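Undergrad: These protein sequences, in sequence, are chains A and B. Take 134 as the starting number for the first sequence in the numbering used here and just add one per residue. Take 84 as the starting number for the second sequence in the numbering used here and just add one per residue.
Check the hints yourself; a few may be wrong.
Said to hold, decoys possible - In the BS3-like style, the derived pairs of lysine-lysine whose C-alpha atoms are separated by at most 30 Å in a straight line are:
hint : chain 1 : residue 1 : chain 2 : residue 2
1    : A       : K198      : B       : K179
2    : B       : K119      : B       : K134
3    : B       : K152      : B       : K139
4    : B       : K119      : B       : K179
5    : A       : K140      : B       : K179
6    : A       : K140      : B       : K119
7    : B       : K119      : B       : K139
8    : B       : K140      : B       : K153
9    : A       : K198      : A       : K140
As the list claims (entries may be wrong) - Derived coverage of chain A by chain B (criterion: at least 3 residues anywhere in the stretch with Cβ under 8 Å from a Cβ of chain B; other residues may be distant):
hint : stretch
10   : 175-184
11   : 239-245
No lab work stands behind these hints: they were computed from the structure. Source: prediction; values computed, not measured. For glycine and all other residues, C-beta sits at the position ideal for the given N, C-alpha and C.
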Amino acid sequence: SAVISQKPSRDICQRGTSLTIQCQVDSQVTMMFWYRQQPGQSLTLIATANQGSEATYESGFVIDKFPISRPNLTFSTLTVSNMSPEDSSIYLCSVEDSNRWGSKQYFGPGTRLTVT
Amino acid sequence: GQQVMQIPQYQHVQEGEDFTTYCNSSTTLSNIQWYKQRPGGHPVFLIQLVKSGEVKKQKRLTFQFGEAKKNSSLHITATQTTDVGTYFCGHNQGGKLIFGQGTELSVKP
Numbered sequence: 134s135a136v137i138s139q140k141p142s143r144d145i146c147q148r149g150t151s152l153t154i155q156c157q158v159d160s161q162v163t164m165m166f167w168y169r170q171q172p173g174q175s176l177t178l179i180a181t182a183n184q185g186s187e188a189t190y191e192s193g194f195v196i197d198k199f200p201i202s203r204p205n206l207t208f209s210t211l212t213v214s215n216m217s218p219e220d221s222s223i224y225l226c227s228v229e230d231s232n233r234w235g236s237k238q239y240f241g242p243g244t245r246l247t248v249t
Numbered sequence: 084g085q086q087v088m089q090i091p092q093y094q095h096v097q098e099g100e101d102f103t104t105y106c107n108s109s110t111t112l113s114n115i116q117w118y119k120q121r122p123g124g125h126p127v128f129l130i131q132l133v134k135s136g137e138v139k140k141q142k143r144l145t146f147q148f149g150e151a152k153k154n155s156s157l158h159i160t161a162t163q164t165t166d167v168g169t170y171f172c173g174h175n176q177g178g179k180l181i182f183g184q185g186t187e188l189s190v191k192p
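Given the sequences, and given the hints that come with them, work out the whole structure.
TA: Given below as structure tokens:
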């Protein structure tokens, strides 16, 4: 299993500012994933973060808006840039635990962002 | 990418009643995973299904993967208040999870 922590757990930010969310895993993992969950909605994958290379972004998400860092195998950051109220969401990081019997994902507790 | 559609969006049941949520895809899925998200919490892995026609049980929860591997269901027998939350199906594509819309279950005691 993997234990994931995120900082901050929640924040209220003004529009036009940026917030950096940190994700820490208690074990080394190749890929880390960042999701967004808008109020009352499902989770949408933002990007996949690999150590030593640029993140891979999903359709509708761009690096200028959501820059990601992955300095080592246990840590990643997601920045929400130039925020607007539409960015108010929960942001979650996750890692995959995969073996011969199958795979599962572990999620961090999430960062609840409110943009005013 | 492959999309999964999940119904219903909401389900309100009386404690003790059964509950079922369905997940459907227009294309064959290599796997289906199920997660539960309690109110205010994060998704927690329940199970993964990979075989055609597979049925797995976890206490009062029964998971099925269709013969054509295009649909799946989660059935809860005799719901309890602890079952409250949103249940998501998801398809794992090389580590990337594509989630269904989720079914929010509320249980009236």
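Undergrad: Compare the structure with each hint and give your call.
TA: Tested hints:
The suggested pairing of K198 (chain A) with K179 (chain B) holds, with an alpha-carbon distance near 20 Å, which does not exceed 30 Å. With a C-alpha separation of about 21 Å, the suggested pairing of K119 (chain B) with K134 (chain B) holds against the 30 Å cut-off. A threshold of 30 Å between alpha carbons decides the hint, and for K152 (chain B) with K139 (chain B) the separation of about 15 Å falls inside it, so the pair holds. A C-alpha spacing of about 17 Å is found between K119 (chain B) and K179 (chain B), which places the hinted pair at or below 30 Å, so the restraint holds.
Pair hint K140 (chain A) plus K179 (chain B) holds up; C-alpha atoms about 22 Å apart against a cutoff of 30 Å. Straight-line distance between C-alpha atoms of K140 (chain A) and K119 (chain B) comes to about 23 Å, which keeps the hinted pair within the 30 Å bound. Among the hinted pairs, K119 (chain B) with K139 (chain B) is consistent with the structure: their alpha-carbon atoms are about 16 Å apart, no more than 30 Å. For the hint linking K140 (chain B) to K153 (chain B), the alpha-carbon distance of about 20 Å falls within 30 Å, and the restraint holds.
About 19 Å separates the Cα atoms of K198 (chain A) and K140 (chain A), which keeps this hinted pair within 30 Å; it holds. Counting residues of the stretch 175-184 of chain A whose beta carbon lies closer than 8 Å to any beta carbon of chain B gives 5, which reaches the threshold of three, so the coverage claim holds. Requiring three or more residues with a Cβ within less than 8 Å of a Cβ of chain B, the coverage given for the stretch 239-245 of chain A holds, as 5 such residues are present.
Hint check: no violations occur; every hint is consistent with the structure.
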